[in-house]
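Residue numbers (full-length UniProt numbering), protein chains in the order written: chain B, 1 to 648; chain P, 1 to 99; chain G, 1 to 260.
Don't take every hint at face value.
Claimed, not checked - Each computed SDA-like pair below joins lysine to any residue, with the alpha-carbon atoms no more than 25 angstroms apart: (1) G/Lys120 / P/Thr4; (2) G/Lys132 / P/Val66; (3) G/Lys120 / P/Glu56; (4) G/Lys231 / G/Ala216.
The hints are simulated quantities; they were obtained by calculation from the structure and are not laboratory data.
Bear in mind that the values here come from a model prediction, so they are computed numbers and not experimental data.
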Amino acid sequence: MSLVPSSLAALHSGAPVVHAASADGVFSLLWLVVALPALGAAVLLLGGRRTDRWGHWLGVGTVAVSFLLSLVLFFALVGRDSGDRQVSQHLWTWFTAGKYTVNLDLLYDQLSAVFLLLITGVGGIIHLYSVGYMEHDERRRRFFGYLNLFVASMLTLVLAADYVGVFLGWEGVGLASYLLIGFWQYKPSAAAAAKKAFVINRVGDIGLSLGSALIFVTFGSTSFAVVSANADKASSGTLTAIGLLLLLAACGKSAQFPLQTWLLDAMEGPTPVSALIHAATMVTAGVYLIVRSNFIFSLTEDARTGVVIVGCITLLMGAIIGCAKDDIKKALAGSTMSQIGYMILAAGLGPAGYALAIFHLLTHGFFKANMFLGAGSVMHGTNDDVNMRHYGALQKAMPVTFVTFAIGYLAIIGVPPFAGFWSKDRIIETAFADNFVVGLCALVGAGITAFYMTRLMLMTFVTEQRWEPDVHPHESPRVMTIPLIALAALSALGGFLILNGWITDWLAPVVGTHEEKSLAIGALGMSLVTLVVVAIGIAIAWTFFGRRAVPREAPTQVSVFTRAARAELYGDAFNEEVIVKPGYTGIRGLSVFDGSFVDGIAEGTASAFGGMSSWFRLAQNGFVRSYALAVLSGAALVLLALLAVNFS
Amino acid sequence: MSATPFIVLSAILFTIGCLGVLTRRNAIVVFMSVELMLNASNLALVTFSRANGNLEGQIAAFFVMVVAAAEVVVGLAIIMTIFRTRRSASVDDASLLKY
Amino acid sequence: MLAFWILAPIMVAAALGLLFARKAVHAALALAVVMISLAVLYAVQDAPFLFAVQIIVYTGAILMLFLFVLMLVGVDASDSIIETIRGQRIASILVGLTFAALLVLGVAQVSFGTVIGLGKANEGGNVPAVAKILFTRYVFAFEVTSALLITAALGAMVLAHRERLTPKPTQAALAAQRMRDYAATGKHPGPLPPPGVFARHNAVDTPALLPDGTAAPGSISRVLAARGTVKSAPEIAEEIKALTGEDSTVSGSAHTEGEG
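Take the sequences, apply the hints, and build the full model.
Shown next, in the form of structure tokens:
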């Protein structure tokens, strides 16, 4: 591929074209970033018990080396011209079917660069944390094998230069998620949660498969280069269809409405899994897919509207669910669902929002992973109890955990100067600039976020102690607190990526640029309004949970809203009634049909033949005279035939 | 003399012989019906010989008679043997070859 | 042709008689009628050799063989009229009629062309002509059928042979048995009395005379005795007297004369 300046490589619609240079120099090491965790997974999973003693360090080591390589590659990319930052490395031709060729190529550009850093960086930190967290688990080596498998698949997903390559990584992370959610296989709830996650993901995968198929039918190829170059030649109906199918895939993987019910159940897995997969990386794959396919989404207004609607619904849904959950991990999961709703909302706003979505993705990765690891630390100190009604007054017992968790808390509710303030505020601003209702949803969501996160903080750390009798909370060992501190630092400082608009400029060659629309009240006015809403949320939470005593048992006399939130807004009930029960009835009907009709035909034919032969055998009565009659009849028939032939 | 009446007579005698085989139960009467059938075919053969003007038909009829004689000898010996053991000459007694 | 039209109804009637006769012997006789009529028809159709063979072999030998076996099997036995197999009678009649109809129909459609006749073939006589063909063209078949006949005769002998179930009684055993019978029942152990010197006839109804002039009881069939057709001794005496002119009641020197 020759070097082409970006001005020539852009379409007249403004959406950029993927036109990558070949990977030479340090970029030829790109494949190692994926290969190292893959090799680690292979060694740990195939090596067996021999690798138990040092397996976890190998797991940490591969991801650490991948992180260092990502850093080197990132700085190498920074060193190139801004129009020249797309590099492609051809690994091998996967398959050829007629005129359709799929190559396994790696595409390294600005978007993949930040994702690589996020995955390997936060992933490495969580790997280190897991060494301590899973210390007493005898299957720890296997855990690290699955974690490495996940990291390798996620890296494949973000580095692929082709929709089929993305699908490969997509399925890989789905598999790793299943294996890790159900890691404690002896727990029936964990096994059920793993199955639920996988099956609902499967529904989303239909979107990606059909979308890729439609892309192939329309453009003749599924590689980003070809599709982005020819995107404006397809009809708008086709583009909308492709967009909606890719949105379905994103809903499945990122737990957006209507495929959101699996995320809270996925908390059955060990806490590092929740942190890495269901907060920082796998659930953000949907956002990555939409942003990567910006050359399609930028051209269809309707698909983008669909994305925005899904984003709004989910961010409110996740926030409401988080308000009533007593399980700390489930509350954080509801929060994840809501924050990803923000990212999807931003991605649906078109070129104005793609970079903001990625920015929020990065900051969310930092503070959510931080808070999940903090929750793990709290659980470690309270004998793995997840019920917040049994916590209280942990700030004295676990100071480091408290401080790092507090930094994450301030980041997520959007208090300056922490990371969340910068990313979430920009999204709310852009939402208002696009449409008032959308902006209002985002603003209200910010208020509810402040409410439930303050509730969580108060119930866990500040209120009076409500511990179980045999619980003696203590600070976690250093191998667990050091990652907490690292992530807290990132949550605090991560917002400075927006300084001078660095992140938007960095990603512009990938996602395109837009005209900044300014609001009537201006950016600063918007931030003030948001802070007021946040303050109201904190105040309400303080009134309910800070001033009054928190009951140890969950109250049963609650409002209809609380009941709805506890039931996760009836998502499971809806799935059960609308999909599972009709499905079972349909299958039972089919099985009855098969048993009675199809088997009936088969057995009926057999018994018909049996009956016929029982009837025919009566002709064999043993009497010679009957047989003689048969002979004569045959002779008469032959005569008849002869006469017919000769005299007709 | 045309040949057709003789052939028709032969056909009628043959059919009556068939009916005898099918209807009578006494083994010897069945055998006699078979002989009737053979005689009917002999008549046809002789008629054809006359119609075609050579003696082949008569030779064939001659051989039929010889073979019929041999057949009657053996057949009646068999019937007699069966009668000695079973004290019955009914054709319906041999009915074990059935379902 | 006249012969044909007379004989044809007779033959059909006789065949039907074979079909419907209750007693087997009647059926055999009906068959005889058919066979003889057939022989006549052969003669009508210029086949004198077959005419003779039909009567001698078929009617004379084969049919007689049938009658002999009928005697052995039981002349009195008659077929019952009830049909034991369900539907057999009706089905047979239907199929038979169909068969006959098809045959007659087929024959009626065919035209045999002009009948050539056996005038030329029978030059020099039918028998020499038949012999010529039989012993030249068909001599192999002839030899094979003769082998067949020998085999059939042997087969009949083997089949009809009855194995002895008890050993053949010897002369001594027979004599011993006679003595035992005499001891048990008084049956005369010796042979039956011969006719004797005064025998005039060896007719069945003339009893043999014992030395004292009485009739020997074992010399007359008891059937005749029961019927009363036996000649009494005084009658015989009268006859003898008439012949010799002497009074048999005079005792004295009765020298026999060889007259009579």
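Status of each hint after checking the structure:
1. G/Lys120 / P/Thr4: holds, 22 angstroms
2. G/Lys132 / P/Val66: Satisfied, since the Cα-Cα distance of roughly 18 angstroms is no more than 25 angstroms.
3. G/Lys120 / P/Glu56: holds, 14 angstroms
4. G/Lys231 / G/Ala216: Given pair G/Lys231, G/Ala216 holds - Cα atoms ~12 angstroms apart, limit 25 angstroms.
Of the hints listed earlier, there is not a single one the structure fails to meet.
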